[in-house]
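Asker: Between the sequences and the hints, there should be enough to build the whole structure, so can you do that?
Chains A and B, in that order, are what the protein sequence lines are.
Just so you know, the working numbering puts the end of the first sequence at 240, numbered straight through with nothing missing.
Just so you know, the working numbering puts the end of the second sequence at 120, numbered straight through with nothing missing.
Some hints could be false.
Taking lysine to aspartate or glutamate and the EDC-like style, the derived pairs with C-alpha atoms no more than 16 Å apart in a straight line are [said to hold, decoys possible]: (1) K79(B) x E69(B); (2) K188(A) x D220(A); (3) K100(B) x E24(A); (4) K214(A) x D61(B); (5) K137(A) x D159(A); (6) K188(A) x D159(A); (7) K191(A) x D59(B); (8) K191(A) x E151(A); (9) K191(A) x E222(A); (10) K79(B) x E183(A); (11) K191(A) x D220(A); (12) K214(A) x E2(B); (13) K214(A) x D59(B).
To be clear, the hints were calculated from the coordinates, so they are not data collected in a lab.
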Amino acid sequence: MRIGITCYPTYGGSGIVATELGLELALRGHEVHFISYANPIRLDPDTPGVYYHEVEVSNYPLFHYPPYTLALASRMAEVAERQRLDLLHVHYAIPHSISALLAQQMTASRRLPFITTLHGTDITLVGTDRSYFPITKFSIERSDGITTISEYMRRRTVDFFGITQPIEVIHNFVNCELYRPDEEARSKGRKRILHISNFRPVKRVLDCVRAFAKVREQVDAELVLAGDGPDRGPAERLAQ
Amino acid sequence: MERLIPSMHALHLPSETEAFGLAALEAMACGVPPVATRTGGLPDLITHGVDGFMEPVGDTDAQAGRLVELLTNTGLHSKMAAAARLSAETRFTTDLIIPKYEAYYRTVQDGTSKAYAVSK
Chain A
1 MRIGITCYPT YGGSGIVATE LGLELALRGH EVHFISYANP IRLDPDTPGV YYHEVEVSNY
61 PLFHYPPYTL ALASRMAEVA ERQRLDLLHV HYAIPHSISA LLAQQMTASR RLPFITTLHG
121 TDITLVGTDR SYFPITKFSI ERSDGITTIS EYMRRRTVDF FGITQPIEVI HNFVNCELYR
181 PDEEARSKGR KRILHISNFR PVKRVLDCVR AFAKVREQVD AELVLAGDGP DRGPAERLAQ
Chain B
1 MERLIPSMHA LHLPSETEAF GLAALEAMAC GVPPVATRTG GLPDLITHGV DGFMEPVGDT
61 DAQAGRLVEL LTNTGLHSKM AAAARLSAET RFTTDLIIPK YEAYYRTVQD GTSKAYAVSK
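Answerer: Next up, the structure:
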């Protein structure tokens, strides 16, 4: 198949999953076209079967806010026509599914179905914001396919948005060849505890530091904090 | 990340909520048991006491207790690390999940997906 994928290319679960999905699909012989404003972080554009199409957003003085949604829709439609895409798969509802809906209408000469995968804050935070609620609900309802990454997310989507269409739960995945145990690496040095996140308050990284202080009362161990975000500074201060 | 995670003994994920918990899954694949919170999509992923632990949000005493258990009880750690790896391999590996996307793509492409039938 020829598949168009749109995601946020920066750090964050949805972008990582979308990128890994695209790479895995390419390995299985599909042609995968990433359409975004930047090359996704984990994406090697030289991977066979993978193509990257940049979305350029013009920022005229008249536009107080750059119209990314429209630029993305135009690019999606252009890539879909030129590359004869079979479908679009957008990760994170806002604004990607609206752009996909516009692109679908722009490519009226051929059918261009789109799938929206809901990853988390697009439903739990952003989508339920009063400003975004109606358009988020609309774009989900107009999707040709809807998936979520957990049963919890499916329930939240149904509860908050009253979506009546069936929602397919397809869990996130991991490449077990790439991510595998390494006993030798683990056997060296002190015991180590890891935390990985984007350091947003919802991740409660300060709890890592608090809990680690209690661990240290009993075990000679290290805490490794991997990531960056708003709570990095407070976590560092608390640790000190 | 695939080089960092395997050198760890435990993952601590004390989130208020998680849509799924990808960091926990990546850790489990590396045989690193997660100590997480019982919230969001994490119960889809972790079987408490088998391949990781889940404690209440904000209960750092309980979370620290589980971390100490994992760091000091070698037998428990080995058993849980093996179970975590097994869960990743048998429930969430690419070879299982990617075909689900491929199958779903085909239903959407054919116009036979249930969502398509309802929305059009």
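Asker: Give a verdict on every hint.
Answerer: Results for each hint:
1. Under the criterion of a C-alpha separation no larger than 16 Å, the hint pairing K79(B) with E69(B) is consistent with the structure, at around 12 Å.
2. Restraint check for K188(A) and D220(A): satisfied, since their Cα atoms lie roughly 14 Å apart, inside the 16 Å limit.
3. The suggested pairing of K100(B) with E24(A) holds, with an alpha-carbon distance near 12 Å, which does not exceed 16 Å.
4. Taking the CA atoms of K214(A) and D61(B), the gap is about 7 Å. The hint holds against a cut of 16 Å.
5. This hinted pair checks out: K137(A) and D159(A) have alpha carbons roughly 12 Å apart, not beyond 16 Å.
6. With a C-alpha separation of about 48 Å, the suggested pairing of K188(A) with D159(A) is violated against the 16 Å cut-off.
7. Of the supplied pair hints, the one linking K191(A) and D59(B) is violated, its CA atoms being roughly 22 Å apart against a limit of 16 Å.
8. In summary, the hint linking K191(A) to E151(A) is not supported, as the alpha carbons are separated by about 34 Å, beyond the 16 Å threshold.
9. The straight-line distance between the Cα atoms of K191(A) and E222(A) is roughly 6 Å, inside the 16 Å bound, and the hint therefore holds.
10. At roughly 14 Å between alpha-carbon atoms, K79(B) and E183(A) fall within 16 Å of each other, so this suggested pair holds.
11. Under the criterion of a C-alpha separation no larger than 16 Å, the hint pairing K191(A) with D220(A) is consistent with the structure, at around 7 Å.
12. Between the alpha carbons of K214(A) and E2(B) the distance comes to roughly 28 Å, so the proposed pair goes past 16 Å and is violated.
13. Among the hinted pairs, K214(A) with D59(B) is consistent with the structure: their alpha-carbon atoms are about 12 Å apart, no more than 16 Å.
Hints 6, 7, 8 and 12 from the earlier list are contradicted by this structure; the remaining hints agree with it.
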